[in-house]
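Protein chains: 2
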Amino acid sequence: MSEEPKNAGENIVFIGSKPLVNYIKSIMMQLNKRNAAEVVIKSRGKFISKAVDAAEVSKRVLEKKGIKIKSISTSSDSFEKEGRRTNISTMEIILAAQQSQ
Amino acid sequence: MSEEPKNAGENIVFIGSKPLVNYIKSIMMQLNKRNAAEVVIKSRGKFISKAVDAAEVSKRVLEKKGIKIKSISTSSDSFEKEGRRTNISTMEIILAAQQSQ
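First to last, the protein sequences are chains A and B.
Per the numbering used here, residue 118 is the first one in the first sequence, and the count goes up by one each step.
Per the numbering used here, residue 118 is the first one in the second sequence, and the count goes up by one each step.
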């Protein structure tokens, strides 16, 4: 009776301080080996540039397999830091296979 | 008889190495004073994170005026550097007023 979406929580790649190639490998593994329909690339703050690099490289490599950028969205997280309200930008890029190709 | 779009080439803000606040001011000026329908925020490489910050802050400040993120797209530029083919990620964020509000 579970309403959980397919692969919930499994097809997410969080971009952090590791080398770019690590994240590209994770993305490719999700899309290739596990045959996931899509992968969600999440990033925050200064790692957003790296997330775009990871998405662009993965798209280029997997283009022949019909992998495209399905959506890009940004938002902000607000939190208290040393008594001050601070905001950090967040980004979510979804890479997915085009079903029609 | 010109087919040129309104404000062509004028409503673009390129994000670079200046302080974030400079770009936020440029974006606000475009949307407020010049009454442009939209502003295009362009960025490349490591400046992409700053572009998202600029867009998110501007959106937050101008939310009451109906300014929203209309679209986000990424791409890559390919060029020759020291005999090697190099790619750089690029991003374009369009901030625009919602006509219906």
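Worth flagging that the hints you see were computed from the coordinates, not collected in a lab.
Accuracy of the hints is not assured; some may be wrong.
The list cannot tell twin chains apart, which means a pair is met if one copy fits it or any two copies do.
Unchecked claim - Derived pair list, reagent style DMTMM-like, types lysine to aspartate or glutamate, alpha-carbon separation capped at 25 angstroms:
no., residue 1, residue 2
1, Lys187, Glu199
2, Lys163, Glu209
3, Lys182, Asp194
4, Lys198, Glu155
5, Lys176, Glu197
6, Lys163, Glu127
7, Lys187, Glu155
8, Lys181, Glu199
9, Lys135, Glu155
10, Lys185, Glu209
11, Lys142, Asp194
12, Lys181, Glu155
13, Lys159, Glu209
14, Lys185, Glu199
15, Lys198, Glu127
16, Lys181, Glu197
17, Lys181, Asp194
18, Lys142, Glu127
19, Lys182, Glu199
20, Lys187, Glu209
21, Lys163, Glu199
22, Lys187, Glu197
23, Lys176, Glu127
Of the hints stated earlier, which fail here?
Violated hints (numbers, rising): 1, 4, 8, 14, 15, 19, 22; every other hint is consistent with the structure.
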